[in-house]
Structures are given as structure tokens and as C-alpha cells.
Amino acid sequence: MAINRRSGLDLQNGCIEMAHGSGGRAMSQLIDQLFLPAFDNAYLNQKSDQALLDLNLTKAGQKLVIATDSHVISPLFFPGGDIGSLSVHGTINDVAMSGATPLYLTASFILEEGFPLSDLSRIVSSMAKAAKQCHTPIVTGDTKVVEKGHGDGIYINTTGIGSVASELQFSPAKIQAGDKILLSGTIGDHGMTILSQRQHMNFASELQSDSQALHDLVHDIVNAVPEIRCMRDPTRGGLAASLNELAQSAGIGMLLDESQIPVKASVAATAELLGLDPLYIANEGKLIAICPVDKAQQLLAVMRAHPKGSEAAIIGEVIEDKNQFIQMKTEFGGKRIVDWRYSDPLPRIC
Amino acid sequence: MKYISEFRSGELARKIAEEIAKAVKPEREYRLMEFCGGHTHTIFRYGIPDLLPPNVRMLHGPGCPVCVLPIKRINAAIELALLPNTILCSYGDMLRVPGSAQMSLLKAKSQGADIRMIYSPAEAIKIAQSETDKQIIFFAVGFETTTPPTAVILDQANNLALKNLFIFCNHVLTPPAVKGILEPARQAGRKVLDGLIGPGHVSVITGSKPYESLAENYQVPITISGFEPLDILQSILMLVKQINTGSHQVENQYTRAVGAEGNKKAQALMAEYFELRDSFEWRGLGEMPFSALKIKAQFKHLDAEQNFPLSEAAASGSKLCGKIVGDNKACECPAVLTGQKKPTQCKLFNNPCTPENPLGSCMVSSEGACAAYYAYQPMS
Chain X
14 MAINRRSGLD LQNGCIEMAH GSGGRAMSQL IDQLFLPAFD NAYLNQKSDQ
64 ALLDLNLTKA GQKLVIATDS HVISPLFFPG GDIGSLSVHG TINDVAMSGA
114 TPLYLTASFI LEEGFPLSDL SRIVSSMAKA AKQCHTPIVT GDTKVVEKGH
164 GDGIYINTTG IGSVASELQF SPAKIQAGDK ILLSGTIGDH GMTILSQRQH
214 MNFASELQSD SQALHDLVHD IVNAVPEIRC MRDPTRGGLA ASLNELAQSA
264 GIGMLLDESQ IPVKASVAAT AELLGLDPLY IANEGKLIAI CPVDKAQQLL
314 AVMRAHPKGS EAAIIGEVIE DKNQFIQMKT EFGGKRIVDW RYSDPLPRIC
Chain L
2 MKYISEFRSG ELARKIAEEI AKAVKPEREY RLMEFCGGHT HTIFRYGIPD
52 LLPPNVRMLH GPGCPVCVLP IKRINAAIEL ALLPNTILCS YGDMLRVPGS
102 AQMSLLKAKS QGADIRMIYS PAEAIKIAQS ETDKQIIFFA VGFETTTPPT
152 AVILDQANNL ALKNLFIFCN HVLTPPAVKG ILEPARQAGR KVLDGLIGPG
202 HVSVITGSKP YESLAENYQV PITISGFEPL DILQSILMLV KQINTGSHQV
252 ENQYTRAVGA EGNKKAQALM AEYFELRDSF EWRGLGEMPF SALKIKAQFK
302 HLDAEQNFPL SEAAASGSKL CGKIVGDNKA CECPAVLTGQ KKPTQCKLFN
352 NPCTPENPLG SCMVSSEGAC AAYYAYQPMS
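Respectively, the protein sequence lines represent chains X and L. Just add 13 to the spot in the first sequence (first one is 1) and you have this note's numbering. Just add 1 to the spot in the second sequence (first one is 1) and you have this note's numbering.
By construction, these hints were calculated from the structure, which means they are not laboratory data. Careful, some of the hints might be misleading.
[Unchecked claim] Dumping the calculated DSS-like pairs for lysine-lysine here, alpha-carbon to alpha-carbon at most 30 Å: (1) LYS342/X <-> LYS108/L; (2) LYS335/X <-> LYS342/L; (3) LYS157/X <-> LYS127/L; (4) LYS76/X <-> LYS187/X; (5) LYS23/L <-> LYS192/L; (6) LYS110/L <-> LYS157/X; (7) LYS295/L <-> LYS342/X; (8) LYS265/L <-> LYS210/L; (9) LYS127/L <-> LYS161/X; (10) LYS295/L <-> LYS266/L; (11) LYS135/L <-> LYS161/X; (12) LYS16/L <-> LYS277/X; (13) LYS342/L <-> LYS342/X; (14) LYS26/L <-> LYS161/X; (15) LYS60/X <-> LYS108/L; (16) LYS343/L <-> LYS335/X; (17) LYS145/X <-> LYS76/X; (18) LYS127/L <-> LYS342/X; (19) LYS242/L <-> LYS26/L; (20) LYS192/L <-> LYS342/X; (21) LYS335/X <-> LYS187/X; (22) LYS180/L <-> LYS342/L.
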């Protein structure tokens, strides 16, 4: 049964909903049917997390990589990070997934009238610290203030620029049946932390966001196994959305082994309690790498040798599938599809 | 996750699957219905059909509170949410349920309605206490599982003499729904199922007793089951054994949570605040007598239905935003909810009915049979 996963965006009568920013197909519809035709350029049309620019300004044999990300998280402060560090890590990771070394960042703030300066100071310090750790200075920025009630405290946009050797051209188009799918660590840590911290949900738990910059892990990966096909950081929509995106771009299917996908006990327990599936929960410090089968063990060893990849695992393989389904062998012994959901998962009643 | 991972062991699953394969008689069919949407979800999430012999067929029942709520009640909730100076509190999975004219609570929210997703009704009390200049309406839905928490906040709101908290009661009952499937089939001289996997969480409250008369009257074995995949496999094995011997007892697989009598304290609190409705409409099953609860008249000051006159559209069904849209005529939800058809046998399945554009009730919640088929696409 072929499933048609494309449907129309109602540009006349529709309105922006939460779903349009959730990482699911609703967001993809908005991009495909509104932003892409409107902005229409070769870089954006690649639909990658980053744009590869053919600029002669860079030194010979290098390409410039640019990525941008806006951060609107609530709560602003959470175990394992805050909106400041997250806004640095998120953009650095988008740059790094191309194999690039991040070089510079820009930052743009939208602040709500009445936002405490102490909180702003805390956030800015956290950003500065994260940027320093990644050796990527914030070289330019902008601040706007909106009236009280017209914003949610603070929004941050960051843009990152990096450089990458020309011969490294990772792309989902290079993915082939038989390739192995590697994941750098546990899934769901960030999203479950945020959910548990949100107002009205006071679960006692040891959850902590995995927010971290992955450029150094990427550096080791790219040096050791330049043959990898492509990398992604599974943020909004979780592992499930990223794998579905890759499958759709590459025109292939995937077969995952549930028993190999690392999930922390605390994350699994909280997800269980809320009726959520960690496969769909956001990460902010993990990457997926797809590589030829004969490089998989070497790549796994390189990832595990790095502190940010110590729990890395080979979670599945690429298969031929005209339906571009992500199938999963369940720990229980059955098989199922890992669907690409329309928008954020909502907790079930019972 | 102690006490959970033990119930998901692949090795034990293979052993039980082997026992089922041994017990099953090849010459007959075993049509088993799981009542609960939670069971449906587990069955697909863990790929249980792959572990069963081909003549053991799982049918999916109506035990999804989101799915069975008729469109007019959704319209009513949307109408309430759009009232000025109002906060509507709702469980998460009600938010996307479509009302008429493609409206939903999420869409009402994007139009400016103040809708809060809550995990526990107790949060509605807190909101009512902190936002005293607003009227707070709790959109209460669910079977016997979620009814006691609603009774608790009715009790608290009554004791605290809260003036700004109202309950929009949509609680429904399990035994009438089981009867709603079995009785029409009996009247038509058909047997639609050979065994029933009975509700787990509901039975924690009600106990296993209410099912005894159903098992007896309709000659169908019932096994109350837990929600982990091993629970369900074991329940299937128990049903197969009963079917083989022609027995029709109520058996309890979920002994770690369910007793014969249920939770007496919860039952008493429910009886204090709720009474039976003469009739209630179920999406897919139609009007069923004595199948739902309403707030007792003496507590009408807490009852949203008594305090906010709902428009005719919300009361009768299908008019909102000037456009009349009812349940789709080609929708096979009634047949799916009563075990007569598979979701894939519906002409609307997948095109145009999808989780992002659900036309029928079973595509609405992740617990609905159609949504489970769509999301997990059983391979076999």
C-alpha cells in the first residue's frame, strides 16, 4: 500500500498553527509550498540543514557553510542548559552536520518588554561560554524589543558560518541500500527534560538535556571515515522525523533494530508515564551518520572513542523500498513502521 | 524500568507465541477483540500480529475515549473555548480532534482561544484559584478510568466553593459499549467475535465483576488484560484455551492491578457526583441508553452544560462556521469499531482520511484503530 504523504497547504484560508513549527510534515508543507517557491534559490532548494556556498573568497579547496536557527524554548532555563547555550549548540550542530568546522556566529535577540535583565545576563553569559568552548566567536548581532504580551520573554536567532573541504560533499542522495545507520548516543533526553520542566508538570526525575556542540565529534568522524554518506542531528520530531526525512530525500527505506537504539532509563520511564515515544522526542546533542557497510565498525569505534559518542550504536541499515518506509524490528520480535508524524506528539489520555 | 521491561521480553514473547501456536486449532478461526485503544496501540507498537498464527485475528474495539466522542460534543467544547474571558482545560489528545468545518481545539487556540493542555484535572483547580477573574472550564472525557479524577475536582471545587470552575462532562461507560457491539450482532443472528480482551485501567476502577453478565449473556469469554505486550499475548493464550473448551468465563490476567470489586472509594465518589444519562451518542455506535454520566442536579453550579447555553449546532450536531459538515457517509468507523471491518477495508482510509485530516473517529487519536494502522502499518 503506497501512502500519499503530500497534501495541500491552504494559503487562502489556512492559518499558522503550532504544527507548522513542529518538525513534522506540516512544517515540510509550509517549506515546500510557501518558503521554497517564494525564496527560490539553488542553496535553499537543497533542503539541507545548511547551505553550501560556492564562494571564491575562501581559501583554495574550501567551501563556506552557513546555517541559521531560531530558538523560542520554554522554559528558558532547564537542567543541562538554557536558551543561550542551546542557541549556540543548535546552530553549530547544523553547520557541523555538513562536516564543516564552525567559524563564526551571529546572534539576533527579540526581547519582550519587562524581561528581567538578570535573566538576560545569565543567558548571554551562557551563550558566550558555549561559543568560547566551540571556538566560534559571535561576530555580529541585533536586538529588538516587542511590547509586553507580544513575545514570550526572549527569542534568539543565531546564524553560523563554517568551512569545509570541497571534496566532502555529504548528501542524502548518496545513501545506498546496504548502508549502515549509526546513532551517537541516547535519544529523547532534551525533549523529555523540557516536557517535564514545563509549567504544571512536576515530575521528580534525573532528566537532563543533552544540549551540546558536536563539531569536535564530527571532526573525528570526518577525519577517520570521510566515506560517510551524510549526517543529521535529530532535533525536533526526534530520530523518527530525521530518518523519515533522509529516507524521503534518498528514495530508500530503512530497517531499524529497536534493541540497539539507546534510551536512558529515566527518559524511557518519563515517556512511558506520559504515553510518548522517545523516537519522536527532540535531541540537541546527538547525530545520525550513514556510512557504507564496510566502514561501519570503524565509524562505530571512532564515535565510541569520543566522549560525546561513547554510547554510539549501529541502529539499522538502509534497504530498498519504493514506499520509503522506516521499518523497525521491535524488541518484542515483531515488525512495525516508524511513521513520520504530522506534528508534535500529544500525550494520550490513558 | 523495573516492572515494565520484564513485560516486554522478546524471549518470553517467543515462548508464549509458541504456546499459542500449539493451542490453536488449525480448522477454526479465532476472532478476538481488544476493547481498549491502549491495547490496540500496544498490539501495533510491538508488532504482535506478526507473532500470531494466521487464524488468530485481532479486531479493534471502541475503547478509545477520543474516538467515540460525537462531533457535537467537540463542537460544544470549541464553542466553550471561544467564549470571552474563558480558559478551557483539556487532555492533550483532545486538542487535534476535528469538529465540524475542520475546526479543532488547536485551531481555536490559533484563533486566540485560551486552551491549556493539562495532565491532571487537579491543575484545573490551581488555574481556577490563580486566575479568579476568568471562568475555567474542564473538558472532562474518558471512560471509568478518568472519571474518578473528575469526581475529585468536583468534590474539591464544591468544598472550596469555587465560583469560576465548571466541568463539561463527557464521561462514558464501558459495559454499555461492549453491549453495543454484541447486542446488534445477536439480533442479526451473527457472532462477530469469539473472545474479548477486556479493559485493564477501567477494570482497576470497576473490578472484573461488571463483565460477568456480559460473558454469560453473550456466551463470549472475556480476559481482563494489562497493557504490556506480554500481558496481551498471555491474554490471547487464555482466550484461545477458553474458546477451545467452549467456556465463557471472565478471567483476570491483570491480577497485579485488578480485583473483582475494583476501587470502592473511587466508585463511591463517582456515585456521589454523577448519575446516568438517559442516552448518549457515541461516534460510530450511535445513541446508546444509559451509556454515559452527567453531573447530578444538586451540583449544577459546577456543570458547564447548565451554566453556558450551547448553540443548536453544538447541541444537535454539525453546524459551525456557517458550513454544515457531519460524519462522512462513506466512513466505515461503525463497522471498524464493532469488529466487522479492518481499517484498510474503508474506502476513505489513507485517501483522504489521514491522521492530519481525519474524517472518521478511528483516525483521530493514536489509540484509534485506523490511526494505529496508519502509523504502524503492520507488515504482514
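Subject >> Proposed proximity, LYS127/L with LYS157/X (alpha carbon, max 30 Å) >> reply: violated (35 Å)
Original post:
Straight-line Cα separation of LYS23/L and LYS192/L no greater than 30 Å?
Top reply: holds (25 Å)
**OP:** Quickly compare the C-alpha distance for LYS76/X and LYS187/X to 30 Å and report which way the hint goes.
**Re:** The given pair, whose Cα atoms are some 19 Å apart, holds under the 30 Å limit.
Original post:
Given the hint that LYS192/L pairs with LYS342/X, does the C-alpha gap stay at or below 30 Å?
Top reply: violated (35 Å)
Original post:
Given the hint that LYS335/X pairs with LYS187/X, does the C-alpha gap stay at or below 30 Å?
Top reply: holds (16 Å)
Subject >> Proposed proximity, LYS342/X with LYS127/L (alpha carbon, max 30 Å) >> reply: The given pair, whose Cα atoms are some 44 Å apart, is violated under the 30 Å limit.
**OP:** Would you mind confirming whether the straight-line C-alpha gap from LYS16/L to LYS277/X stays at or under 30 Å?
**Re:** Status holds; Cα separation ~28 Å.
Original post:
For the pair supplied as a hint, LYS342/X and LYS108/L, is the alpha-carbon distance within the 30 Å limit?
Top reply: Since the Cα atoms of LYS342/X and LYS108/L sit roughly 36 Å apart, the hinted pair is violated (cutoff 30 Å).
Original post:
Are the Cα positions of LYS242/L and LYS26/L separated by 30 Å at most?
Top reply: Within the cut-off at roughly 10 Å; holds.
Subject >> Hint consistency between LYS342/L and LYS342/X [alpha-carbon to alpha-carbon, up to 30 Å] >> reply: holds (27 Å)
Original post:
When you check the alpha-carbon spacing of LYS180/L and LYS342/L, does it fall within 30 Å?
Top reply: Given that 30 Å is the threshold and the Cα spacing comes to 18 Å, the pair holds.
Subject >> 30 Å Cα cutoff - pair LYS127/L, LYS161/X >> reply: Holds. LYS127/L to LYS161/X sits at ~24 Å (cutoff 30 Å).
Consistency with the previously given hints fails for numbers 1, 3, 7, 14, 18 and 20, ordered from lowest to highest.
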